[in-house]
Each structure stands twice: as C-alpha cells, then as structure tokens.
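Undergrad: Quick note, the sequences are listed as chains Z and S, same order. Residue numbers for the first sequence, in this note's numbering: 1 to 943. Residue numbers for the second sequence, in this note's numbering: 1 to 112.
Each hint should be verified, as a subset may be incorrect.
Some, not all, of what chain Z presents toward chain S, calculated at C-beta under 10 Å [what the hints assert, rightly or not]:
#	residue
1	W135
2	M137
3	M154
To list a few chain Z residues with every Cβ distance to chain S over 12 Å, as calculated [claimed, not checked]:
#	residue
4	I110
5	H114
6	A164
7	G250
8	L345
Keep in mind the hints are simulated off the structure, nothing from the lab. Here a beta-carbon is modelled for each residue, glycine too, at the ideal position from N, C-alpha and C.
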Amino acid sequence: MRINFEKSLDHANDRLAFVGSDPDREAQVETFKSFLKVEAERLRMRHRFGLGGTEITRGRSSIVDVVVSRACQLSASEMSASEDGSAECAVVAIGGYGRQDLAPFSDVDILFLHSGKRRTTSAKRFVETVLYLLWDMGLTVGHSFRSVAECIAMARDDLHSRTAITEPRLVTGSADLFTRLERELSDAVFDRQKERGLFLDSLHRELESRYAKFGKAVCLQEPNVKESAGGLRDLHTILWAARSVYCCKGLDALRAEDRISGAEYALARRSYDFISRLRNEAHFSTGRQTDLLTLDLQPVLAENLRYEPKRGLLASEALMRDYYQKAQDLHHLCESFLVRAGQALSERRQVAPASKRVKAKLHFRQSNLYLSLHSVPNRRGAGKAPFEIRQGRVFLQREPSDHFDDAMRLMEIFGVAQRSDAELSDELRLSVRDNLRLVTRQFRRSQDAGHLFFELLRGRGRVASVLREMHQTRFLGRFLPEFARVTFLVQHDYYHKYTVDEHTLKAIEALDELALGRDEKLAPFKRVFEEIEDAAPLYLGVFLHDIGKGRGSGHVPRGVEIAERLCERMGVSSVAASHVVFLVRHHLLMSHLAERRDITDEGLLGQFIETVGSLDRLNMLLLLTFADISAVAPQAWNDWRATLLWELYRRARSHLTRGKPVKWDGFQKLRVKEQAAERLSRLYPPSEVLKHFAMMPQRYLRAADLDQMVRHFQLVERTRGGSEVVIDWRAPEEKHCTELTVCSRDALGLVARIAGTLTAHAVNILSADLYTREDGMVIDTFKICQIDGRHPLRAELWPKVEENLKAAIEGRYDVAAAVERFRAQVSYRAKRLGKRIFAKPSVRFDTNASAISTVIEVHSEDTPGLVYTIARTLSQLGLNISLAKIATEKSYALDIFYVTDSEGQKLDSTLMSAIALELPEALGAQADTSKGGSMRKEEKEAV
Amino acid sequence: MRKIDAIIRPHLLDAVKNALQEVGITGMTITEVKGFGRQKGHTETYRGSEYKIDFIPKVKIEVVVPEEMVDHVIDAVAKTAKTGKFGDGKIFVVPIEEVIRIRTGERNEQAI
C-alpha cells in the first residue's frame, strides 16, 4: 500500500483550487488547515498500516510541497503585475525538507532565494505573504531570505548552514536562480579542494560535540533517535561528507559510484528506515516533535508498533533491542565511512605518499654536477614488525589480507593493544571487523584461543579497554556467542541503567579502577585486590555474572550453567573454573545480606561464611559486589552501601582468618558487655548497671559496641525512669550519616511517630535498631541522612528536629498532619518507569533469616512518608519492630523490617496474611494522595 | 479580579496606554523585557542561520481589573498593539487572589 502521490495531488487540486477566488484570508487559512489535517491523517493511517519510515517522511514532504506551491501561487496572484516579486524568487527546500525527509512534526526549512538586485522590495512582500500563510496554517517554518552571494557566504562561515544546503531542492519559482545557486555552491563551497579537508574536520568536530551532548554510547537508556550516536544524524553526516569528498548527492549516488558496498547500502537503508519509522511513531504518539525516547514513552511506542513480549522480554525491551542493533549498524557505518573519506582525501592531497622514500645521488660528469633522484620502493612486511604504535594507537604495518590468515592473528592484536596500553587505529578496527569470518566454531573451541583470552584477563587495570575493543569490533560476540546473546539486552527494572553488555563492561572497568588505584576513597578495595594472586578468575567471574539474563527469571542458575560450559571450552584450570562458577552463582549474596538482613545474626553470618569458604573467595566476592553495584547506574555506589558491605566483610574476614567457629563471637561480645559494665559501675550503682544489661534483648549484646553500650546506659539514666525523653545526636565521620538515638518509655506507635516526624523534616531513615528493655524502656538508634544528596544532617537542624520529636513522642505534635504537609510540598512528577514496575507494592516474608523474628520485605514506589506508613500499619496490628533497613534507588524503595508479635514471637500465618492485605492497601492509599494533581489524568485512572 | 499581562512592541506603548485609559483603567505597571516566540525572533527578511535564536526587546504591561472589564481591556490592547507582523506579542490573563492598597488597607475591588 504505497503512498499514492497522485491522489494527494488530486485532493489538493480539489480543495485548494478555489483558494484564490475567495480573498478572505481567514477562510483561505482555514481551507489550508483542513487540507493539512486530512493529509496528515492519511499519512498516519498508512504509518499504522506498516509503511516504512522513509515512505512516510517522503509523503509528508510532498504534501508540504503542494501546500507551499499553492501558497506561493496565491500570494503571487494577489500582487499586481508590476510588483510581482515572485518572478525574482526561488523557493528552495533545504535541510531535511530538501532531502524529502520530513518527520510528522518536524520543522520545515525553506530558503527564499532572491536575485540580489536592488529592487527586492516586491520580493520581500511576496515572501512575507507566503510566510504568514504558512505560519498561520500551522506549519513551523525555519526560513531565510538571501541572495545567492549571501548563501555562499553563509555556507562558508557557518557549518549548520552549509550542511543544511547540501541537498537543496527547488519547490517553486525561478529555475534559473536555483541553477545559479547550485553551480556556485559547487564551485565555491563543496567542490573546492581546499574546503574539503576543512569541511571533513569540522564534521568530525560537530560529531564529537553532538555525541558529547546527546550520548556517545548507542545503548543509552533514553536515546535521542535523531542526535545520539547511531541516530538519524549519523546517516546525515555520511551524506554531508559524501557531498564534499565524493561529490555524491544521496545514498543512491554513493552506491552508483561504488563508494559504499552493496551490503553497506542495504544496511544503511534498513537501519535508517527503521529508526525513521520509530521516530515517526514517537511524533504521532505524542503529537509533537519528540526525538527523545523516554522510559515511559518506550512501552507506548512498542505497543503501537505492535511488539509483543517474548521469552522474558517486555515489548518495550524487544523494541529497544531492535533499535540498538540498527543504531549500532548505522553508527559503525558512519564511523567507517568517515575513516574512508578521510583516507580518500589524504591520498588525493599528497603529491607523493608519505611512505615513499627517495634516494639522492650526486655525481660529476663532464665537469657538470648532476643530482639524480629515484624513489625506493617501500619494503613492507619483510622482516619488519607487523605492528607499530603511534600516538597511543596500534597500526598494522602490513596489508590486512596478508596478515590475517588465522583468527589467532585477530586475538593477538588485542594482546598487543593491551601490552602497549593503546587503542586500535580506526583502520585496524575495520580490518578486524572485515575478517571476523575467520572466527570459526573450531577456533572457539581451541585451547590456544581460550588460553590467550584468559591471559588477557590477567592484565589488571587494562582489561576493560581491551574487552571494549573486542566488543566494538564484534570480535567478542563472535568468539563468545553467549555474550552476543546479552548484547543490547535491555533491563527495564528499577536499578539498571545500562544494557547487560554495557553493564558488564562497566563492571570490568570498575575493577580496573581499583587496580589502578586512582581514587583515594577506594584504597581499602585496592588493598583487598592486591591480596588476590590470580586476577583472571575474578575478571572472568565479573564478566559472566549476568550472562544468564534475557530469558525470563532464573538468570543465576542459567548463568552458572553457561559459566561452567564456557570454562570447559576455554580450557580454564579446574581451580580457576570453580572460582568463576562460585562468583556467578553467588554474585548477589553479599549485597543482599549486607543491605537486607541483620548481619549481626550469628546464624546468618555462619551460613554466609560456610558458603564463601575461604578468604580468597571472600575477597573476590567483595570486589565483584563492588564492581556490580558501581556498574548499575552512576550514583548506585554510595558511602552508605560501602559501610554496610565493609561491616559484613570485616565480620566474615575475622572469622575466616582466625579459623574459629562463629560461636566464638558470642564470647567476644560477652567480654564487651563486661567491659562496658565495668566502666559504668565506676560512675553508677553496679546493681543498676547489671539489671540494665539483664533486661536488654539478646540482639543488643551482639550488635552494640563498647562505646554505644556505655552511652546508651547513660541516656537511659537521664530519662529519670522514663519521665523524660532523651535524644542524642552523633555524626561519626566514617559512617557517612548521622546517628540519632531516642530514649524513652515505650508507647503505642512510637516508631511510627519518630519516623513520621523525621520525614516531615526532610530526613531519610537509612536504618533503625530498635531495642526495648524488658521493663518497657526503649533505646532506638536511627541512622539518618538528608533526603536529597544523602549527606549527614546538618547540625543546625538538630535542635528543631529534637524539639518536634519530643513533642511527637509526648503526643503534642500531630505527626500525620505534618507528614501530609510535607507530602503536599514535595511535588512528585509522574513516575517515569513503565507500568510493569509500579503495579502494586509487594510484601514478602522471610521466616528463616532470623531465629526470633520474621523478616518483612516491602518493595514499593518511593514516596515521602513510606517508612511512617509501614511503621504505623505494623504497630496498629500490634507488632514490634526490632530492626529496619531502608534502601531507596531513584524512585524505588526496598524496606526491610524484622518484626515480632506482641508476645515477642515470630508471626503466625494469620498475622502474615493480615499484613499482606493491609500494607499494600495503606501504601496504595498513600500513593494516591501524594500523587494528587501532579499526574496526568489518564495515569490517575490507571493507578 | 484578574491580572492582564500584555507583551507588546515598545514603540506602541503610548498608544496602548491611551487606549487603556479610555477603557477606564486606573493604574498599570510597565517593565522592559526581552523575548521571542515561534519565529525565534527572526523577521520575514532574516538572513542568518535558521538555528539561532534572537531576543527582541518588548514591553510588558500589567493591569489588575475587575472581572467585568477583562474583555474590554483585551480588546483595547489587541486592537492597538496589532500590526499584523510577527512580533505583535501576546496577552495573558491570570486570576488574582487578593489586592491591598498599602496606604489605606483597602482590599480587593476597593483597592483596584
């Protein structure tokens, strides 16, 4: 169902024919408007039907041609014969319009060319009339009014103007003027020898700045399909370069003159058409010029383009994968084309190739001095090293076809690059890509190849760069098809900002950073790294940790399988392989434990140590966890997480190095308690001290350190038997947060009241240790930070918060109202992640993690007052909270609560069901009110 | 009560002021501002790069009037400030919650 241009023209003839007869400007504009509306709708229907991107943009361009021509006709007819400016004008389409490539809501770029003679006033008036018509009928026109000379001047000075005018097209008006323009552009701008090199350079610079602004990686989470790497502009850059270097206008001309191969031509057209179609859909869906594919737009586009979820991938993820593949193709084509164009220019520019050598000889003959010169043929290859390192790049000194006779040669190049800490030159990259067919099944299975690859992983600090080179040249995907399967694999969940392949490479980079030790803050990690003898299993483990993704749930066991197979294939030693498999199997263990569980729990710690088994593995796991988290998103790694992770590491390490069973720690702790008791007994009656420790829960003795034990007792004393509320503030440097301790008599909903008050002061709770003495005295320690930026709370704020906390605990402060007020202040924009993610808050129970408590995990959208709502609901059900850990990631919150029922026991099933019902309800109700008026209407109904 | 913000060409300020007085406006505030609209500040005969944006000097008139006068004021401004060319400007109407005359403490309608 191609677009029938005749039909549109006929339609135009019908509707717009009588336009001139009715002089009422408003009526004319109306007619044009309705014509445009009908045609736009027709285009949209064809797009929905499945017509390719370039067809649609061509169609729109034709429609605009019709409209512009009619508008010009109309304006000309309205002017009297003497002042007819139209004859001296040419209306020229430039930019995308010139290429007949107009997206549904793109601007229309028109050049009004005038003859430059003095009497251009009539031309001006003509242009005015046309322009006003076009604007009033709703077209967004970018225009300029220039003589031919002015165009040339503009094209020479301004890169944007020059690129816009590479493919001008006459819409209507003086053909002579247009021909003159084309001729002078060729002579003075595009075909001038001197200009070419400069033009190519400025194109390169423009490319760099465009990538810097819109994204250098193809696999951005939210790419700009026009401007990001791999977007439509990459093809335009090819066309601009082509115009200047090869004097070819358009992709077809390039093909005709064999400047690009048949395969490249087909690739360019396919990719461009797909991305164009995607862009058109974005325009149609949003009704505006939308080029940025935001996260909440992607599912809409996927649905409209009729993508279905398949095999564990969401529809939007499948769409993005297709996009990334096409964009990567286009991007590579652009890169290699620019390299070739540059080469073509330099070959032409040089009188003699730089590499030719010349021999000079002086001799006497018949009393005359003669100088003879002859060129010496270049000795290439014979006896010379195949590679040369120049300016940090590896160059091949031989002909690629001579050198690449086996895939091992390809692999070796990466070794060379790694050893010299250099990148591959553009030409070499192209050569590698051209010779990928050498990577056969046999090669993949060869032990030599496997060993060489494994060796590369030993180059601490230099692994990421070499892996990236392999990935960019597609060698990595060829050699390891498992990795090809996760290339461009999008992870549309709360945490991950990058595709799986990008995430993996970034994790390797994080490891390299540790090895290089450039960041002071990461020095402790570097020391751990230095304890590891063989870095290769660690690197391989990190490389494979997410390799099982992309086929629905269960990526860990699948990853283990793949890792085992791969290690066997590559001939990795069994010891190393066991490390790799361990890392893949348990890559989430340490972060989960540290962030979601009570690490002072002996049972849990014991299990962890048993699983880990050795100090070497503990070290590797620590580094893997660090690398994984760092690579999830730019701000994913923060001081708080570091603190939690190190605490777990230290506890585990002390057990592993001493080789003593975990129980020993209990005796250690007892000694701490005795020390504390001893110190306190010097200042307070000993019987009181002992009574205090006897009444404190078991967990307290495990978790609190000497300092805390002493301090807490003193705080309790200050409450004078519970008649006062005592609040203590601490800002320990190494903990990167503020510690707030509240000491008072227990009361109903105490935790909720404290949590609510803190929220109302824009304070984030990171974790809470809640201890209740048997006689009802409460020692609650909160680790808090400021809501934005995660900085410790400024000391100036402490008095105010303290005052309100006391008031809240004593019942004089309306916490619920304060939380509401805070929520109203904080305007939360409509959440930007897809529907799947914020369907409903989910509640999970873990009855095994602790011996005495039930662990409740609440996954939900992060809204202010979340902890308050949960704490309030739990206390209304009569439950006690002993520990809380709060983790927030962008707009997603994972809250962990260790609870017991009113009798101090684990929860029975009736209670758990009640919680499973009431919590989501309470959170849902909260979500509604907090979103309030800031959401669009449609979304409100969806919630 | 509503506030009417009118962005107009500077040279038409006097004309608009007179027209407003004829309609019965008792006070106004003027600010010199800069701005652009859809055409990015380019006139019909613009020669430069289509992609550059130019700020054009304008004048902003603010008047607060009772509900009944809003349409009269809009008409007066629109008629006087219109030249038919790009750059004529825009009129915005904004609701007002309260007005107080500082000297006497009068409020709302009495204070206009």
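Undergrad: State for each hint whether it applies.
TA: Going through the hints against the structure:
1. W135: Check passed: Cβ of Z:W135 comes within 7 Å of chain S, closer than 10 Å.
2. M137: violated, 13 Å
3. M154: holds, 7 Å
4. I110: violated, 9 Å
5. H114: Check fails; 9 Å does not lie beyond 12 Å.
6. A164: The claim breaks: Z:A164 does not keep its Cβ more than 12 Å from every Cβ of chain S (closest is about 7 Å).
7. G250: holds, 22 Å
8. L345: Fine: 26 Å to the nearest Cβ keeps Z:L345 off the interface.
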